[in-house]
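Enquirer: Each chain, written out:
There are 2 protein chains.
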Amino acid sequence: MFWELIGIAAASLTMFSFFPQIFKVLRTKSVKDVSPIMLLQLSGGVSLWIVYGLHLKNLIIILANSITLFSLIVLLILYMLYIKR
Amino acid sequence: MFWELIGIAAASLTMFSFFPQIFKVLRTKSVKDVSPIMLLQLSGGVSLWIVYGLHLKNLIIILANSITLFSLIVLLILYMLYIKR
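Line by line, the protein sequences give chains Y and P. Position one of the first sequence corresponds to residue 1 (this note's numbering), numbered consecutively onward. Position one of the second sequence corresponds to residue 1 (this note's numbering), numbered consecutively onward.
None of these hints come from the bench; they were simulated from the model. Possibly wrong hints are sitting among the right ones.
Same chains, same label: a pair holds when it works inside one copy or across any pair of copies.
Unchecked claim - Straight-line Cα separation of at most 27 angstroms, DSS-like style, residue types lysine-lysine; simulated pairs: (1) K24 / K84; (2) K29 / K84; (3) K32 / K84; (4) K57 / K24; (5) K57 / K32; (6) K57 / K84; (7) K29 / K57.
Hey, can you work out the whole structure from these sequences and the hints?
Expert: If you want it as structure tokens, here you go:
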């Protein structure tokens, strides 16, 4: 039970980790210091994790990486929106 | 073998994902758009993943998250160094 909680805490912290970055971008409307290569590389990585999770039929891997992918897509849209300014 | 390669590609892309951000910060010496909460939350998350990996005796989880933690610590040091300017 203790170790399960450690795993759940680890997954929760990492899968929601880009939400503070989204809120910061929405507040400042500035993205020039954010690396778009990082965002694209992570999006590719977590997409492959979702594919791998579907293969393993592991709901945790699928769900955690789907939330991360969603937040990365939001960040990429915000990046394209604000980098032009 | 195909699915192992998908897993290895997924792990490689995600564990090295912060290196482009490190290179960008080193080049521009500017971090004001990077969220320090994101960096701290991710550092806490991957630290717990390492603890969980040690419990599971899973070398992949330990190794992948150690590389990510290393890159996040480098980013946090760069953040503190450049945010003052």
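Enquirer: Work down the list of hints and note, for each, if the structure agrees.
Expert: To see whether the hints hold, each was checked on the structure:
Taking the shortest alpha-carbon separations for K24 and K84, both the intra-copy value of 18 angstroms and the inter-copy value of 18 angstroms come in at or below 27 angstroms. In this assembly of identical chains, K29 and K84 lie within 27 angstroms of each other by CA distance both inside one copy and across copies; the values are 11 angstroms within and 21 angstroms between. For a Cα distance limit of 27 angstroms, the shortest separation of K32 from K84 qualifies both inside one copy, at 10 angstroms, and across copies, at 18 angstroms. Within a single copy, K57 and K24 get their C-alpha atoms no closer than 35 angstroms, and across copies no closer than 37 angstroms, so neither meets the 27 angstroms cut-off.
For the identical chains of this complex, K57 and K32 are neighbours neither inside a copy (39 angstroms) nor across copies (40 angstroms), given an alpha-carbon limit of 27 angstroms. With identical chains, the CA atoms of K57 and K84 are never at most 27 angstroms apart, being 41 angstroms at best within one copy and 47 angstroms at best between copies. Taking identical chains as interchangeable, the C-alpha atoms of K29 and K57 are never at most 27 angstroms apart, the minima being 39 angstroms within one chain and 43 angstroms between chains.
The earlier numbered hints that this structure contradicts are 4, 5, 6 and 7.
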